[in-house]
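Student: Listed here are the chains, written in short residue letters.
Number of protein chains: 2
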Amino acid sequence: MKTIDSIATYSIATYLIRRLSEYGVEHIFGVPGDFVLGFNQMLEESPLVEFINTCDEQGAGFAADAYARLRGLGVVCVTYSVGGLKIANTTAQAFAEKSPVVVISGAPGLHERIKNPLIHHKVRNFDTQYKVFQELTVASTILDNPDTAFAEIDRVLAAAYRYKRPVYIELPRDVLHLPGNPQYQPTATPQDSDPETLTEALQEATTLINAARQPVILVDVEIHRFGLEETVLQFVEKTNIAIAETILGKSVISEFHPNYIGLYEGAMGSEFARDYVESSDCLIMLGVMLTDLNLGVYTAQIDPKRCIAATSEKLSIRLHHYEEVHLQDFIQGLLHTDIQRRELTIPPRIQPPNSFTPIPQKPMTVARLFECLNLFLSSDLVILADIGDALFGGAEMVVHQKALFLSPAYYASLGFAVPGAIGAQMAVPHVRPLVLVGDGAFQMTGMEVSTIARYNLNPIIVILNNGGYATERPMLDGKFNDVLPWRYSRIPELLGVGLGFEIYTEDQLEAALADCRSHSESLCILDVHLDPKDISPALKRLTQALGEKVSS
Amino acid sequence: MKTIDSIATYSIATYLIRRLSEYGVEHIFGVPGDFVLGFNQMLEESPLVEFINTCDEQGAGFAADAYARLRGLGVVCVTYSVGGLKIANTTAQAFAEKSPVVVISGAPGLHERIKNPLIHHKVRNFDTQYKVFQELTVASTILDNPDTAFAEIDRVLAAAYRYKRPVYIELPRDVLHLPGNPQYQPTATPQDSDPETLTEALQEATTLINAARQPVILVDVEIHRFGLEETVLQFVEKTNIAIAETILGKSVISEFHPNYIGLYEGAMGSEFARDYVESSDCLIMLGVMLTDLNLGVYTAQIDPKRCIAATSEKLSIRLHHYEEVHLQDFIQGLLHTDIQRRELTIPPRIQPPNSFTPIPQKPMTVARLFECLNLFLSSDLVILADIGDALFGGAEMVVHQKALFLSPAYYASLGFAVPGAIGAQMAVPHVRPLVLVGDGAFQMTGMEVSTIARYNLNPIIVILNNGGYATERPMLDGKFNDVLPWRYSRIPELLGVGLGFEIYTEDQLEAALADCRSHSESLCILDVHLDPKDISPALKRLTQALGEKVSS
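Chain order of the listed sequences is A and B.
Per the numbering used here, the first sequence starts with residue 18, numbered consecutively.
Per the numbering used here, the second sequence starts with residue 18, numbered consecutively.
FYI, nobody ran anything at the bench for these hints, they're computed from the structure.
Backbone N, C-alpha and C fix where the C-beta goes; we use that ideal spot for every residue, glycine too.
Hints are supplied without guarantee of correctness; some may be wrong.
As a list, the in silico EDC-like pairs of lysine to aspartate or glutamate whose alpha-carbon atoms are at most 16 Å apart [said to hold, decoys possible]: (1) A/K496 - B/E67; (2) B/K496 - A/E67; (3) B/K379 - B/D548; (4) B/K496 - A/E61; (5) A/K322 - A/E221.
Take a look, some chain A residues computed to stay more than 12 Å from chain B by CB distance [claimed, not checked]: (6) F243; (7) S329; (8) Q357; (9) G432; (10) D494.
Assemble the whole structure, with the sequences as input and the hints as a guide.
Tutor: Here is the structure:
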């Protein structure tokens, strides 16, 4: 990162904008409000960033999360309480799934807080929102002191960048134009690994891997967050070791890579990957979060005594731990050890069919939907999978490129995919989002198609319309799992832009997808009617395991 | 409240449902999720309550708030984190505006928490959500101990009822069916005022009022919350003292009552009411919150030395305070003192016009919209006014009946009115909601028209379509204040039910309202096109005052 040229020319707000820009931020998502209006105007006038208005703050929070996952930092900017507290959930998701989102909230001016009056939007005390976000972020600050404001901005942004988790910056509206400390010197705080510990850890890992009969690499979400996909690929190609992904780590490596053995998710993922991973005598877990969904609701059989497990939080080899060894240094280091290249003998895996022949008037099924979509995939698409069969069916699709499968597969908040598509396409303009979303999730945040229309984005939105929360029906069913059927294909008429398709049969689906491909100027919405009881095999396995806990 | 008949027959969950029912709750709003699914099923099977599914948890939170305002207690029931954290904002609104909302959140079972695993929906620790809600409620509990669970339920519900503020109950999913303490005896905890202090306070108040040249009563939100509208009316009719309302207290008394002098809001409300209140030598403030919006952004001139101010939190007479005097006891007590009845000489106030003659093809204006709606009002309508001109224009409408004007006029969160209509009509089935909502607010929560359709409700939804956040334009304008124009009148086509109207002119409005009146079987949506710069005089005054603070 460059250093600030002439610190004395910056105000607190202009310094903040400049720093965000230096972290690669070009878009800031949010909804205005009187306590943040002055800052909104500064954003609008800044050549460094563009402010993207969403319909509701929740949409902005999810968009910023998707942007952060693809860009390395995302920003959501809202007003006090009525804006900020609406994104408690999206910030929690960013925390749980390690997405570096910066929450910027306007707030009453310091001068307005004297004598603690009842100013609109105040909850209990002026610091109520700050206290809430302390629970949901790794660093937080109220910029209430010009002498320390620049340093606080740097401290908090550095924490987001280092820990890949959300942070909170509160901006009282009367400090925007104040100068900071003109003597302030931004200091880089390199956080290197301890060299001797790193060397010892690498030696031990090398010895173990070389001695192993069947080592295997398992990669997860942190490889995305720390931008280590290319390094992992080099490690695979240097050593010729087989590699599997978790569901949250999907798309770390091209699924066409010859060393890729499939999705590992205990009893719920690929059978072959499961056998290979669980019979391995040296499992190299890189950036893996041991969540219940990654572990197939604890059906995974992973013996720590046979593991090398490196995350941003710690490095464990067998049953002991190394401190001060960073994930990126460890993986980089593996490239330079004398791990021997080995022969890889894995059987050819099942390839996706190379054609989809629709049966005319045959009602759509979940299985056939994903077969057809799998063939539709191309390297210019980014998949955003909402929770439910959008994710579990989607997880079986074969992704062509790295980092282009986004889903909150651990925190599992419904409604991420539509607003997430906004963030994804702003982050990587040359891709087109393919949104997979259930009808229940669509009804939560689907009005953000308005934001999609406003900014001329062109996602293809596939709604799995099965009349309710299909994930829950196999666990425990009732009227509470129903949602009202909307005529989703009419939404373009509401917006005045886009194409809508109503799909009951296989031939309708194939025709619609062909139209979508040629219609790239605006959004497309596919209302895919499915039987309420038709769920993917993966979801069936998952809901059986989860259902046992519902009424225990 | 009745006591529980045979405590040993209740489980923790059935006791909770029974107690809620005894507080008058018949509807519970929410969205299911696996951690709350077992409880959802119990609600569905219970004859005492009905579970109302909304599209998003935010809608459930606002619906429960409206229900609480009209029924005395409202309940929102959600799943862990991905549900609960979505209603941080609606709970904050209930806190700020004293609305007794019970938040019930499902949660991981106690047995699942051992060894602190990464279970889906977990944020930082298992108590993250609990800590967040401690900031937003007056009482909170995790029902993790069967021995104390019944007592905890009673303690927390009593706090909501007493303080008229939200509370939080977390229900680990493995405790639902556990029995509580079979020896538990619910104890009523009467919270009477101290009799001698009450007597002294009433005597002093009586002396001051009798000695006053021009006493006046000002009523606010707590009169609604404590159900004291009838008592206030008796006090007015006994003493013949004039009465004004704040904007948050609107509809405490019929605005046709001869003693009613108007809306008091500093420089922003009625001129006559302002002069009368500010020149009074004895201002009797009953349940008044001194918020910035109630005080017309501090343009109000209220001298505490001339005030009797009773709230649920304290009683002040001139510059001294009485403790342990409850609001309801004080107002009840005033009925039985020898306050003299006096002659009231106030000039006749401006009455609403008794006809609206539309000028054909004349474009709609905000002023004419409210003139027309004012005549449309009838006693079977409840007004739900969202923030912006929906509220400030709406505040000038003449309400016929008590308690039938709902708006978050202090916390001022956009998006309350549409989901609020669901709660209002469930709470008082014989009324029909008249929803006044700006286009910006509608785009936040408007998809809850789906819930309206699902439960066969029939609100009339008037969308003030002026292309953006009209409240903010006069403060500071930019692209960030724009919203995408939707064709709102097409929404009934999306839902398959309801009537939509597109309104540009006065004659179109009058015709549409006539159609709405005769079409009572489902919802009606009026898309009223307004000039983006056309705002009500009240809003103009408000935004001038607020605008000065934006870029201070």
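Student: Now tell me if each hint is right for this structure.
Tutor: Each hint, compared with the structure:
no., hint, verdict
1, A/K496 - B/E67, "holds, 11 Å"
2, B/K496 - A/E67, "holds, 11 Å"
3, B/K379 - B/D548, "holds, 13 Å"
4, B/K496 - A/E61, "holds, 8 Å"
5, A/K322 - A/E221, "holds, 14 Å"
6, F243, "holds, 19 Å"
7, S329, "holds, 14 Å"
8, Q357, "holds, 34 Å"
9, G432, "violated, 7 Å"
10, D494, "violated, 9 Å"
Violated hints, in rising order: 9, 10; the structure is consistent with all others.
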